[in-house]
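If you read the sequences in order, they're chains A and B.
For the first sequence, our numbering gives the first residue as 1, with consecutive numbering after it.
For the second sequence, our numbering gives the first residue as 1, with consecutive numbering after it.
It is worth saying that the hints were derived from the structure and are not from the lab.
No residue lacks a Cβ here, since even glycine has one placed at the ideal position from N, Cα and C.
Incorrect hints may have been included.
One side of the interface only, derived from the structure: several residues of chain A facing chain B at Cβ under 7 angstroms [to be verified]: (1) I217; (2) G218; (3) F220; (4) M256.
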Amino acid sequence: MITNKFTNISINGIACAVSTKWVSVESLKDGTNDEMLNRFVKNTSVTGHYECGSKQSAADLACVAARHILDAQAIDRNEVGIVVYATQYPDYKAPSTACVLQDRLGLSHDCIAFDVNLGCSGFVYGLNIVASLMHSGNAKYGLLLAGDTPSKGIRSDNSRNLFGDASSATLLAKTENATPITIVSRTDGSGFKAILRPYGYAKHPDRPDTEGVFDEIGVFNFAIDQAPEMINELLLQENLNSDAFDCLVLHQANMMIMKQIAKRTKFKKEKMLVSIDRFANTSAASIPLSLVLNYGDSFDEKVLHSLICGYGVGLSWAAGIIDVHVKSIYPLIETDEYFDDGLYD
Amino acid sequence: MTDKEKIALLEDMLELDGGSLRPETVLADLDEYDSMAKLSLIVLMDDEFGKKLTGEQIREFKSVQNILDFMD
Chain A
1 MITNKFTNIS INGIACAVST KWVSVESLKD GTNDEMLNRF VKNTSVTGHY
51 ECGSKQSAAD LACVAARHIL DAQAIDRNEV GIVVYATQYP DYKAPSTACV
101 LQDRLGLSHD CIAFDVNLGC SGFVYGLNIV ASLMHSGNAK YGLLLAGDTP
151 SKGIRSDNSR NLFGDASSAT LLAKTENATP ITIVSRTDGS GFKAILRPYG
201 YAKHPDRPDT EGVFDEIGVF NFAIDQAPEM INELLLQENL NSDAFDCLVL
251 HQANMMIMKQ IAKRTKFKKE KMLVSIDRFA NTSAASIPLS LVLNYGDSFD
301 EKVLHSLICG YGVGLSWAAG IIDVHVKSIY PLIETDEYFD DGLYD
Chain B
1 MTDKEKIALL EDMLELDGGS LRPETVLADL DEYDSMAKLS LIVLMDDEFG
51 KKLTGEQIRE FKSVQNILDF MD
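Construct all of the structure, not just a fragment, from the sequences and the given hints.
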């Protein structure tokens, strides 16, 4: 297990944005009867999800969320030296969407900007990357943007019901004597076919990027075995147990997986944050979105000692121990804003 | 665990009335045995019998009896 530890980086802001269009599971029946729909809702806890319009992308949502934090904290744009955008739905094949976001956010040229092609583990990996770049560099602030628009790649109603569009922005700051951030990471590329969008890129350029492959049972077994194993190893390594934490923030894959992970890591059910009910599986955004949904409107003067874990496409998984002050978690933003890049469809 | 008790576990998992399932029941004939039910079956096998269930093994289950045999 690869471990990264940071004692000079703090998480100073988390914001999330979704579109204004919420779609209920009932509206996407796809030939299922009421009984099947009820069972779907009972097993997954998903009642609906947000979907971007055709002109709006995850980068647009991430841009709105990032701007919100920078404005709320009156951050000098010249002091933000890193933008990492974790997504499976970049705006373009080239360039990295993060480069465009550097300009859209009004940041200076003294800025590292690139995309990270990871999904459900993207938030935790992204924290590790931004914190590492800050630890070894001179940037005062770094932005991790993490978001996806699975609605743009999914065709069937049943699959559409499982996934939702959302993006997050997280502001990291160089802070002396910050409470430690610990992140552990793993990869198993032998499972790359479990979640796969193979077409329309360099390996299979002649086939259109239509519906991908999703081995539901393989991914389920991977998640309920590997995520708890990693969390338990992390707890053992840090000499902690679940009682030490205020919350368990898991990637919101499906409720059955999340309950199994909580059970196998001995976390009390009430400590597990949930956003899947209203947002479905929002990929890289699901961990910050769960914090926003549960604490974004709170006026608590409290620091959340949190255990986070993302797992999925790759196969890639990572867990972390982070502290987040409730006051640095902003209320959910709904927006129709999109970037007109001047290019024709 | 007797076969009767095992069947009761499956009926409970699939939210079926007691007596709905018989060993010879063909799984493909059950609307309730959908992809979510298969995930529930993985959890049930692990929780109740300490057994791992792969996608390949699930695909080989054709009848309730096949599942009962796996539970042993």
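Structure-based check of each hint:
| no. | hint | verdict |
| --- | --- | --- |
| 1 | I217 | holds, 4 angstroms |
| 2 | G218 | holds, 6 angstroms |
| 3 | F220 | holds, 5 angstroms |
| 4 | M256 | holds, 6 angstroms |
Against the hints set out earlier in the document, no violation occurs for any number.
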